[in-house]
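Asker: Letter by letter, the chains look like this.
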Amino acid sequence: MTAYLKLDHIDKVFTRGAATTEVLKEINLTIEKGEYVSIIGHSGCGKSTLLNIIAGLTGATTGGVLLENREVNSPGPDRAVVFQNHSLLPWLTVYENVRLGVDKVFSRTKSRAERDAWVMHNLSLVQMAHARDKRPSEISGGMKQRVGIARALAMEPKVLLLDEPFGALDALTRAHLQDSVMALHQKLGNTILMITHDVDEAVLLSDRIVMMTNGPSARIGEVLEVPLTRPRKRLELATSATYLKCRQRVLEFLYERHRFIEAA
Amino acid sequence: MNMSAAKIEIETATPAASAAPVVAMTPKRPPRTEAYARMARQTAARVIPPLVVIALLTLVWELVCRRAGSALPPPSKVFKDTKELILDPFFDHGGIDKGLFWHLSASLQRVAFGYSLSAIAGIALGVLVGQSVWAMRGLDPLFQVLRTIPPLAWLPLSLAAFRDGQPSAIFVIFITSIWPIIINTAVGIRNIPQDYRNVAAVVQLNPLEFFSKIMIPAAAPYIFTGLRIGIGLSWLAIVAAEMLIGGVGIGFFIWDAWNSSHISEIILALFYVGIVGFVLDRLIAGIGKFVTRGTAQN
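Protein chains in written order, with my numbering: chain D, -10 to 253; chain V, 518 to 815.
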């Protein structure tokens, strides 16, 4: 198995004054090219911290991230992030938000006209080309997240990092966007790492599900392969025995073996 | 169980969900005449109350000051005395014997110059203090002390330094209006959401691009708050400074009128000072509103 993205013995300790909190402990994971991997765990287990470490936005205390056998420790467009709250710049239009990244990444390799066409291509991939001149405040939450995905895709990342991308959306919009992401993954073959706390979402989208134990000192508790063939159909899966079994496994892990103690 | 039920709902609801925003984006428009009538009503509702209040206050002023031997002239006398100044603001008899337009324009020029300098320096220092913890620790106490010094207290020092009235007046405007600009800019920079910084980091903006594409737009609402306070302060300072340095300018016009006991002229000048100050404030607010459109509401 060739490791495309490798998380190598990652520990993360937060220090505030004299108090230290160990958030992540001994995280080892290898992800192959084109794989869709989800990380699931209760809130506060450090899964977002892990994503930030991979993105380079936070440093690991020990250990490191290898992408194509090179260590990465600063943020860059090869690991584009789709943020939970979309993080579009409100003073730029939809087009300009995507263009910002495109201009930086392809400043040497693409001409102006090519960059323009590339932005529009990515906007149409997420069905947002019609809203190119709208500002983020003028479009719905689901549309904002689509633009956020287009912005990340347009940077042609080696790994696409999704930080609870559908968490802030209502159930119907979420399902719609999940289908879109599945279709994009099918079409473009991106390597995707997604943080989620939604069991159905994880099973539906992923090739592998990484389950994290509760923090502090969260570890990888279990990794589950999802042997469902693609393309996957939401409706057919609802009755599929494999789907239900995977779902069962994740639920058992989260609610029996690693109950969220602080939940109230 | 309810799982599969939820999925069926999602599938069927999808077309409706994508169609809904289109409906929301084309609101129905009422007929034209109705719209005009409503606009007129709204304007009247805004204009009439202040007009009524002004009329009442003028009446009270007239009644109080009309009796013989009152220290201040009533509005009717003010108007009679200053009719020439009001009707011909553009005369120029040489020296400081000029129409009010020239006095106001001289003051406005000083303000424009000093305020532009303080806007540039204020935003630059504000960015520095907002961005760097060390700059904040080092400079903030200094700013907090300096900003409490009244504008006119700077005047003798600046006269000593520049040995001329004109640059001294400009310096006083500069030093008066810079503090709110620095402080508000710094707050704006410090309040840039981490999300925007993350976006900039992932896209790998260089510091210059980060400044122009993220920092300034994100902090613009705060910066304009500072600029708006600053323009008000600089207009306050110029009138006072001009009284002392002399020459052409609305401040000295007021002082000159007092020395020649032309009380009516003072009242007229105060009226103009108020109007100009109001217009300046609105101007900066308007520019701010235009520049930060989209930024304020998220």
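Read the hints as simulated data drawn from the structure, not as lab findings.
Treat the hints with caution; some may be incorrect.
Some but not every residue of chain D turned toward chain V, in silico, with C-beta under 8 Å [claimed, not checked]: (1) P64; (2) L78; (3) W80.
From the three backbone atoms N, C-alpha and C, an ideal C-beta is built for every residue, glycine too.
Asker: Checking each numbered hint in turn, tell me which of them this model violates, lowest number first.
Answerer: none
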